[in-house]
Structures are given as C-alpha cells and as structure tokens.
Amino acid sequence: MKRVKHQDDFTERSSGKAVPEAKQLRKLAGDWLKQRRADAELSQADLAVRLGLKYYTFISQVENGFSRVPTEIMGAWASELGLERATFARHLLRYYEPELHRLLFGAETK
Amino acid sequence: MNVVAFERKPVTGVWSESELNTIVAALSAALAPSSGRQWETGATENGDAQFYLLGSLPDQACVLCLSRVGRQYVLEDGSGRLLFEHRNLDLVVLHARAAVPSTSWLMVRMIALWCAARSVFHEKFEPMLTETEELLVQFIPQLAALA
Numbered sequence: 000m001k002r003v004k005h006q007d008d009f010t011e012r013s014s015g016k017a018v019p020e021a022k023q024l025r026k027l028a029g030d031w032l033k034q035r036r037a038d039a040e041l042s043q044a045d046l047a048v049r050l051g052l053k054y055y056t057f058i059s060q061v062e063n064g065f066s067r068v069p070t071e072i073m074g075a076w077a078s079e080l081g082l083e084r085a086t087f088a089r090h091l092l093r094y095y096e097p098e099l100h101r102l103l104f105g106a107e108t109k
Numbered sequence: 000m001n002v003v004a005f006e007r008k009p010v011t012g013v014w015s016e017s018e019l020n021t022i023v024a025a026l027s028a029a030l031a032p033s034s035g036r037q038w039e040t041g042a043t044e045n046g047d048a049q050f051y052l053l054g055s056l057p058d059q060a061c062v063l064c065l066s067r068v069g070r071q072y073v074l075e076d077g078s079g080r081l082l083f084e085h086r087n088l089d090l091v092v093l094h095a096r097a098a099v100p101s102t103s104w105l106m107v108r109m110i111a112l113w114c115a116a117r118s119v120f121h122e123k124f125e126p127m128l129t130e131t132e133e134l135l136v137q138f139i140p141q142l143a144a145l146a
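Residue numbers (numbering that gives the first Met the number 0), protein chains in the order written: chain E, 0 to 109; chain V, 0 to 146.
Please keep in mind that the hints were generated in silico from the structure rather than gathered at the bench.
Incorrect hints may appear among the rest.
Stated by the list, open to error - Quick list of the computed label-pair ranges, beta carbon to beta carbon:
id	chain 1	residue 1	chain 2	residue 2	range
1	V	R117	E	P69	32 to 42 angstroms
2	E	A85	V	M109	42 to 52 angstroms
3	E	I72	V	A24	31 to 41 angstroms
4	E	L103	V	P32	36 to 46 angstroms
5	E	A85	V	N20	38 to 48 angstroms
Stated by the list, open to error - List of simulated lysine to aspartate or glutamate pairs, EDC-like, C-alpha gap at most 20 angstroms:
id	chain 1	residue 1	chain 2	residue 2
6	E	K53	E	E71
7	E	K26	E	D38
8	E	K26	E	E96
9	E	K53	E	E79
10	E	K22	V	D58
11	E	K26	V	E39
12	E	K26	V	E44
13	E	K53	V	D58
14	E	K26	E	E98
15	V	K123	V	E133
16	E	K33	E	E83
17	E	K22	E	E98
18	E	K33	E	D45
19	E	K33	E	E79
20	E	K22	E	E96
21	E	K22	V	D76
22	E	K26	V	E133
23	E	K53	V	E44
24	E	K22	V	E39
25	E	K33	V	E44
26	E	K53	V	E133
27	E	K26	V	E84
Cβ atoms here follow ideal geometry from the backbone N, Cα and C, with glycine treated the same way.
Assemble the whole structure, with the sequences as input and the hints as a guide.
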C-alpha cells in the first residue's frame, strides 16, 4: 500500500534520514503478514471479521508496518491464517524483538 | 411529487488537502518538533485513506490511526482499539487531539532530574545533617550547664 512520510510540514515529504531499524523491521513483518493472508485467500476485511474487529483498518495498520500484532490476538491471527501459533509468534518476534529472538533462539537463517 | 433517491458514491482514495489540513491543524501540538512525533499517510487494500501519528524515535510506532472508511472516519490507537467513529471529521480530530499523550519530554526530564536530586540529597547530605543534629543534642545540655 502507498506510504507517504511527513513531518510537521506538508512540503517536507521526506526527512532524508535512514529509516530506523525498528520501523523497517515492522514493515518487513507487515509484508510477511500480507503474504500469509494472501496465501490464506483472505482479504483484510475477511481477517478483521474473523478476529472480531469492527473495522478492518487495524489489519492495514499492521500490514503497512505501523503497528505490531497485539500479543492478545496473536494466536487467533495465526489460526485464521492457518499457521501454527508458536511458529507464527516466533517468526514475528524476529521482527518485533530481534535481540530477544536472538537470545532465545540464537542466530537463525530465514 | 416523486423523490428519487440517489445513492452516494463511497468515498475512497487519498486524503484531500482540506482533510489533511484539518487533521494536522488539530494535532499541531502533538506534532511540535520537540515532541519528536511525525505523521505518515497510507491506504488500506481497498484504497481507504489512513493517517498515522507516529511516536518518537527510535521505535516510531503508531500512536493513533485515523482512517476514512466510506464516509465514516475511524479513530484507533496503535493497538487497534476503536476510540471514536463519526462522519464529521472535525469531531473525530477533537477526539484524536484528546487521545494523544500530552506529557512532554521536557516534563519527563524535569521529573527525572528532581528524583535524581532528591536521591543524591538523601544519600549524601541527610547522614551529615543527622550527624550534626546528634552532636548538637549532645553538646547543647553541656553548653546550657555552662551558661
């Protein structure tokens, strides 16, 4: 989806600075989630309904890399995508908490 | 008289300049340079516009997300909690402004400094004061006896 970056001025479309690592990793997590959802043949709206969300906008928020999958619905999110919960959580941890992931599971190849 | 009801076309696509002006103006305090916050826009897979208010570095996680779904404006926090929904953008941005954490970094730093100063005082100066007080308690009766 289209992402446009702004600071406090409309004309300043990009700060020119490197994208912070946490943000970049969240975006990668979002791309992975989007792909898994496509594999499950679900739209953002379908997934939102299955997760009991009134609007599907939060799915987009997460897939666009601005937010994380909340821990409390991580299991349900995995199930709806047809993925094993622990594997799903472990994979997301790689993006959301890379250092913790490294401590728990060591350096793994993707 | 016959009235023909025309169905309104759903509104999709990017934010209009007027909508963005309204949102950014309402969040101007939250977007002050000292806050370190930024904003970005995006869209859902259906093309519904989204506005993200991002926290400060290094995480820059979404603090608030305002979306336009059809003719409805939807305000959510970074965890997907629905905060407010309405067709009137002015009303929605009022709720957005109220939902932004207002404690400034300067305030946080001042509180931290105050706590550090208090801690140093308790550790270093309070024992000295207690010692002086004990000395006075010992010597005052003797001085009084001499007087």
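**OP:** Compare the distance between the alpha carbons of E:K22 and E:E96 with 20 angstroms, and conclude whether the hinted pair is satisfied.
**Re:** holds (12 angstroms)
Subject >> Beta-carbon spacing of V:R117 to E:P69 - inside the hinted bounds 32 to 42 angstroms or not >> reply: holds (37 angstroms)
Original post:
Within 20 angstroms, alpha carbon to alpha carbon, are E:K26 and V:E84?
Top reply: Outside the cut-off at roughly 27 angstroms; violated.
Original post:
Between E:K53 and V:E133, does the CA-CA distance stay at or below 20 angstroms?
Top reply: violated (68 angstroms)
Original post:
Given the proposed pairing of E:K33 with E:E79, does the C-alpha separation stay at or below 20 angstroms?
Top reply: holds (13 angstroms)
Original post:
Do the alpha carbons of E:K53 and V:D58 lie within 20 angstroms of each other, as the hint requires?
Top reply: Cα-Cα ~27 angstroms, so violated.
Original post:
Has the given pair, E:K26 with E:E96, been kept, meaning a C-alpha gap of at most 20 angstroms?
Top reply: Cα-Cα ~13 angstroms, so holds.
Original post:
E:K33 and E:D45: Cα distance at most 20 angstroms?
Top reply: holds (13 angstroms)
Original post:
If you draw a straight line from the CA of E:K33 to the CA of E:E83, is it 20 angstroms or shorter?
Top reply: holds (16 angstroms)
Subject >> Given pair status - E:E98, E:K26, alpha carbons within 20 angstroms >> reply: holds (17 angstroms)
Subject >> Restraint status (C-alpha distance of E:K22 to E:E98 at most 20 angstroms) >> reply: Between E:K22 and E:E98 the Cα gap is close to 15 angstroms, so the pair holds against 20 angstroms.
Original post:
Keeping to a limit of 20 angstroms between CA atoms, is the pair of E:K22 and V:D76 held or broken?
Top reply: holds (17 angstroms)
In summary, the numbered hints that this structure violates are 13, 22, 26, 27.
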